[in-house]
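Engineer: Make the full structure from the sequences, and use the hints.
When you line the sequence shown up against my numbering, it's residues 1 to 157, in that order.
It is possible that part of the hints are untrue.
What the hints assert, rightly or not - Pair ranges (Cβ atoms, derived):
| hint | residue 1 | residue 2 | range |
| --- | --- | --- | --- |
| 1 | K14 | E86 | 27 to 33 Å |
| 2 | Y108 | S4 | 28 to 34 Å |
| 3 | G131 | R75 | 37 to 43 Å |
| 4 | G13 | E104 | 34 to 40 Å |
| 5 | N105 | K60 | 21 to 27 Å |
| 6 | P64 | K14 | 16 to 22 Å |
Bear in mind the hints are in silico, worked out from the structure with no lab data behind them. For every residue, glycine included, the Cβ atom is placed at its ideal position computed from N, Cα and C.
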Amino acid sequence: LTMSDRIAVMQAGKILQVGTPREIYDSPTHRFVADFIGDINILEGAIEKWDGGTATVRLKDGTPVSAHLGPEAARSGDVSVAIRPENARLAGAGETPTITGILENVVYFGAATNLRLRLATGEEFVIRNPGAVDEGRYQPGAAIGAVLPPDLIRVLA
Numbered sequence: 001l002t003m004s005d006r007i008a009v010m011q012a013g014k015i016l017q018v019g020t021p022r023e024i025y026d027s028p029t030h031r032f033v034a035d036f037i038g039d040i041n042i043l044e045g046a047i048e049k050w051d052g053g054t055a056t057v058r059l060k061d062g063t064p065v066s067a068h069l070g071p072e073a074a075r076s077g078d079v080s081v082a083i084r085p086e087n088a089r090l091a092g093a094g095e096t097p098t099i100t101g102i103l104e105n106v107v108y109f110g111a112a113t114n115l116r117l118r119l120a121t122g123e124e125f126v127i128r129n130p131g132a133v134d135e136g137r138y139q140p141g142a143a144i145g146a147v148l149p150p151d152l153i154r155v156l157a
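Structural biologist: Set out below in structure tokens:
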């Protein structure tokens with residue numbers, strides 16, 4: 001991403017998305033593009049309603065989430081939504097989480113800590129928390145809540 005002003009991401013000879021490195025990373029339009037560039041959480045659901053550039057997607061566990069709806073994304077039916085691990089955050093005390101899961105492991109990387117959750121649907125979800133976390137509080141097997149900012153969730157084509 002650091003060697004180009006613009007990038008074209010192709011799959012099987014077809015251009016899926018063209019944009020700046022930031023556009024490709026922050027706003028992938030297709031599942032292939034999302035998987036190709038960096039780590040990402042992808043959850044399955046169905047469009048419940050949409051208005052302009054925003055959709056309400058009901059995840060497989062029944063949780064409704066608001067997500068950005070790009071021009072190529074489906075307007076109905078089953079869809080995938082995506083959010084980068086660094087854009088999800090741990091729910092604070094008294095805060096209502098967007099999703100919850102069971103903590104499987106915690107990996108400290110120095111500048112960040114990855115918390116890997118298993119959702120009730122069986123889907124895996126990673127939160128990349130800046131810096132360290134209280135390891136006494138975040139033990140495998142604990143129920144963990146995550147907040148997903150709607151403007152950072154993307155409905156994929």
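Engineer: It remains to establish, for every hint, whether it holds in the given structure.
Structural biologist: Comparing the hints with the structure gives:
no.	hint	verdict
1	K14 x E86: 27 to 33 Å	holds, 29 Å
2	Y108 x S4: 28 to 34 Å	holds, 32 Å
3	G131 x R75: 37 to 43 Å	holds, 40 Å
4	G13 x E104: 34 to 40 Å	holds, 38 Å
5	N105 x K60: 21 to 27 Å	holds, 22 Å
6	P64 x K14: 16 to 22 Å	violated, 33 Å
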